[in-house]
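*Asks:* Here is what each chain is made of, one letter per residue.
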Amino acid sequence: MKKRVHLVFTLILCFTLAAGVAFASSSEKSAEKPAEEQFITIHWAQWAPADYLQKLSEGFTKETGIKVVVEQTPWETFVQKYNTEMIARSDAWDIIVGDSQDIGNMAVNGHYVELTDWIKEKGVDKTFTPASLMNFAEYPKGGKRYYAVPCEGDALAWAYRKDLFEDPKNKAAFKKKYGYDLGIPKSWTQLKDIAQFFHNPDNGFYGIAIYGDNGYDSLAMFAEQVIWSFGGELGDYSTYKVEGLLNSKGSIQGIEYYHELFKFTPPGFGDAFYVKSNDAFTAGIVPMACNYLAFFPALANEATNPYAKNTGYFACPPQKGADGKTRQFAALGGQGASVVTYSKKKDLAMKWLDWFIKKDTQMEWARLGGYTCHAEVLNSQEFLNATPYNPTFKVSMEIFKDWWACPEYDVLLRTFSQYIAEYVVGGKGTAQAALDRCAKEWTAIFEKAGYY
Amino acid sequence: MGKNVDENPGVALEKHYRGVRDKTLMRVFILPTLILLIAINVFPLIWSLFLSFTDYSAKMANVWGKNPAWVSSQNFADVLTNPEMWEKFITTAKYVIMTVAGEMILGFGLALLLQLDFKGRGLITTLLVLPMTMSPVIVGLMWKLFYDPNWGMFNFLLGLGRVDWIQDPARNLYSIVIADIWMWTPFVMLLSLAGLGAVPKYLYEAAEIDRASWWFKFTRITLPMVSPILMLALIFRIIEAFKIFDLPMGITGRGAMAPPLLAMHLYNVSFVTWKTSYGSAIGYIMLIMVLAITLVLVKYLNRAKQ
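If you read the protein sequences in the order shown, they are chains S and P.
Residue numbers for the first sequence follow this note's numbering, beginning at 1 and rising by one.
Residue numbers for the second sequence follow this note's numbering, beginning at 453 and rising by one.
Misleading hints may appear alongside valid ones.
Said to hold, decoys possible - Derived SDA-like pairs (lysine to any residue); straight-line CA-CA distance at most 25 Å:
| no. | chain 1 | residue 1 | chain 2 | residue 2 |
| --- | --- | --- | --- | --- |
| 1 | S | K440 | S | T239 |
| 2 | S | K428 | P | S524 |
| 3 | S | K401 | S | P318 |
| 4 | S | K440 | P | A553 |
| 5 | S | K448 | P | S524 |
| 6 | S | K67 | S | A48 |
| 7 | S | K448 | P | D530 |
| 8 | S | K263 | P | P621 |
| 9 | S | K448 | P | L532 |
| 10 | S | K55 | S | T41 |
| 11 | S | K263 | P | M605 |
| 12 | P | K518 | S | P318 |
| 13 | S | K440 | P | D530 |
| 14 | S | K448 | P | K518 |
| 15 | S | K428 | P | G613 |
| 16 | S | K394 | S | T239 |
| 17 | S | K144 | S | F356 |
As the list claims (entries may be wrong) - Chain P stretches covered by chain S per the calculated footprint, using a threshold of three residues with CB under 8 Å from any CB of chain S:
| no. | region |
| --- | --- |
| 18 | 489-495 |
| 19 | 616-624 |
| 20 | 633-647 |
| 21 | 651-657 |
| 22 | 717-725 |
Unchecked claim - Computed far set for chain S versus chain P, every beta-carbon distance over 12 Å:
| no. | residue |
| --- | --- |
| 23 | T41 |
| 24 | G123 |
| 25 | K141 |
| 26 | E408 |
| 27 | K428 |
| 28 | T430 |
None of these hints come from the bench; they were simulated from the model.
Don't be surprised by glycine CBs; every beta carbon is placed ideally from N, CA and C.
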């Protein structure tokens, strides 16, 4: 009897403790936000476009009374953070503006709400550019099933110093050395010539600023665009065949080119991502820099770039491959906005999407600095004249191509980054050996995943 | 009188619930902590041990028999037969030997110097302790700036030109070793100071009467008396150095050019490529290695105490 009393007493105490904790946390929550207040939380990476989205969403709040909180995570841990939250089936966010290559993982594992019917009903498939819809929203590619709305279109492009490119002395010396005029490069070969021409490490001036960081996707994004431009492929996205494509002649030439070009970067560029690339440009130690277009506002701003007035922009150049064909590609960046399956406010999130796809909203999005994928806005004169780099964005949106979007994309990315960085940055081995090794490993990954 | 006490309802209740106040109440208060500990420590440990015998990715949907799928000791075999993993074991061993040796020699040496009587000894001791009070991530980022080949002070002070200490695989292991030694030498120094302070003075006085040399006093009195605490410092530093993560993450990042250290690799495997089961196997192998090293050192520690 005594034992039973003790047991009951113990259980009551535990229950009281648990109830106390629960009550305290719920009263804390209710103290923070009044019950009637409606709000949604959007998760995105920590960068300027997320600030623009926060500002843009003020219009939504004005219209509907629903508050919007854009929660930002540093790029270094952005993808990892939202993946972890989705594994835990968290309702921390109602919308995720996630990376394009992650769409397959999110769709297959049911983390994103399927928007196919909504996309068709609202005519998003007609108002947004087909390429953006395919890359940011569709999985599998060509399957006509959608899980996102293109939010921030982005691609790799170039900024260059007009004062240096137009300097008569430079022009004359360049023409004498290379036999053609110094200007915006018309091919990747010319781009390397320009980098070589300006490279003068003894004077602390270097030929080019490009990505070298291989912790996430930066090195891979630069590598893929040279692979495609030189006639190579990452593989066949429909059959998952890799051998003979990833290690084809064009791919090898592309990676060899990257290795050669990397020699003209400033010292310590093995970990260079967007910050380092922009920093080298604004410090005045390189004549041209490659970066995602979303990072160009800092280069056009005189407060952050002393050379802003003399900064010009161009899209990734074309290149004639070994087969004689000319190709032009830019690596896709950017993200689509998706509704989280585990959100308890899916209705509010859908209301936000309804508002976001409107033409007026997209025009305002572009005015604030966001890269719209709305076809009409993208082609409008207002958009093209809004910033000095918007025309480059428009060209880039016509030539972009993306990485693998299957759920295994991160393992493919890690393998590729490791092997290619060892050659491009570390100078270890050859492009052929790196790509052969990668193709072998990718084949094993796809085989294990059951694609063959 | 006795009857009156028995009839007192307060005393009767006290008697009745005496068990509650003693053992049961103790259990009741311990229970929530115990449940919490089991939930956040013991369960993940057992769960990850189970996962290490399966093929499982936390990123993919859970389907019993497929994800996770039982693969027996395949993950352990894969880890131990992979030449790249052995490169990581060797690099980590190199790192542990270099950092711990450097910290033990410098830390003990500094402690010996601080035993001397000189002006400002307290201030110097306080300043020397500062590095270990900082966050390792901040220390890593600070050293990254210090090592920067373009504007970092490290090359400038040594007159080395634009040497890349961060991304050059031939050098970046040493750059992390230097930062680690800078940060953790004060820890060994502090422990050594405590040990040196506990050596009885009369032993030195007796040795001096016998005209013993400095070396004799050092090897026959100082070292044997301080060795238990030095052994303790050695154990702590080996465990810490073996699982180093924050410093390399701050200095070199986790890319292909970073030194192949075990904890960094474990992070990449488990949280970048989401090979959860393979990562669990690496984690368990690391745990066994650290336990084995610690057990050997604890044995020596007990011997030193005797």
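*Asks:* If a hint holds in the structure, say so; if it does not, say that too.
*Replies:* Evaluated hints:
Restraint check for S:K440 and S:T239: the C-alpha separation of about 16 Å stays at or below 25 Å, so the hint holds. Restraint check for S:K428 and P:S524: not satisfied, since their Cα atoms lie roughly 36 Å apart, outside the 25 Å limit. Taking the CA atoms of S:K401 and S:P318, the gap is near 14 Å; set against the 25 Å cutoff, the hint holds. Taken as a hint, the S:K440 and P:A553 pair is broken in the structure, with Cα atoms around 41 Å apart against an allowance of 25 Å.
Distance hint between S:K448 and P:S524 is fulfilled; the C-alpha atoms sit about 17 Å from each other, no more than 25 Å. The straight-line distance between the Cα atoms of S:K67 and S:A48 is roughly 20 Å, inside the 25 Å bound, and the hint therefore holds. The hinted pair formed by S:K448 and P:D530 meets the criterion: a straight-line CA distance of about 15 Å does not exceed 25 Å. For the hint linking S:K263 to P:P621, the alpha-carbon distance of about 16 Å falls within 25 Å, and the restraint holds.
Between S:K448 and P:L532, the direct Cα distance comes to roughly 21 Å. Compliance with the 25 Å bound is thereby established for this hinted pair. A hinted pair counts as satisfied when its Cα atoms are at most 25 Å apart, and S:K55 with S:T41 qualifies at roughly 14 Å. Proposed proximity of S:K263 and P:M605 is supported: the alpha carbons are some 24 Å apart, at most 25 Å. Between P:K518 and S:P318 the alpha-carbon distance is near 45 Å, which puts this suggested pair outside the 25 Å criterion.
Restraint check: the Cα-Cα separation between S:K440 and P:D530 comes to about 17 Å, which is no more than 25 Å; the hinted pair holds. Pair hint S:K448 plus P:K518 holds up; C-alpha atoms about 12 Å apart against a cutoff of 25 Å. Straight-line distance between C-alpha atoms of S:K428 and P:G613 comes to about 23 Å, which keeps the hinted pair within the 25 Å bound. At roughly 31 Å between alpha-carbon atoms, S:K394 and S:T239 are farther apart than 25 Å, so this suggested pair is violated.
Restraint check: the Cα-Cα separation between S:K144 and S:F356 comes to about 21 Å, which is no more than 25 Å; the hinted pair holds. With 0 residues having a Cβ less than 8 Å from any Cβ of chain S, the region 489-495 of chain P misses the three-residue criterion, and the hint is violated. Only residues whose beta carbon comes within less than 8 Å of a beta carbon in chain S count, and the region 616-624 of chain P has 5; three or more means the coverage holds. Under the rule that three or more residues need a Cβ within less than 8 Å of chain S, the assignment of the region 633-647 of chain P is violated, with 0 such residues.
Counting residues of the region 651-657 of chain P whose CB falls under 8 Å from any CB of chain S gives 0; the rule of at least 3 is not met. Coverage of the region 717-725 of chain P by chain S holds [criterion: at least 3 residues with CB-CB distance below 8 Å; count 4]. Remark: the non-interface label on S:T41 is consistent with the geometry, its nearest Cβ contact in chain P lying 22 Å away (cut-off 12 Å). Chain P leaves S:G123 outside its interface by the beta-carbon criterion, the shortest separation being 32 Å against a cut-off of 12 Å.
The beta carbon of S:K141 is kept farther than 12 Å from every beta carbon of chain P, the shortest such distance being approximately 20 Å. A beta-carbon of chain P is positioned within 12 Å of the beta-carbon of S:E408; the least distance is around 9 Å. Distance to chain P contradicts S:K428 as a non-interface residue, since its nearest Cβ pair spans about 8 Å, not more than 12 Å. Every CB of chain P lies more than 12 Å from the CB of S:T430, the least distance being 16 Å, so the non-interface label holds.
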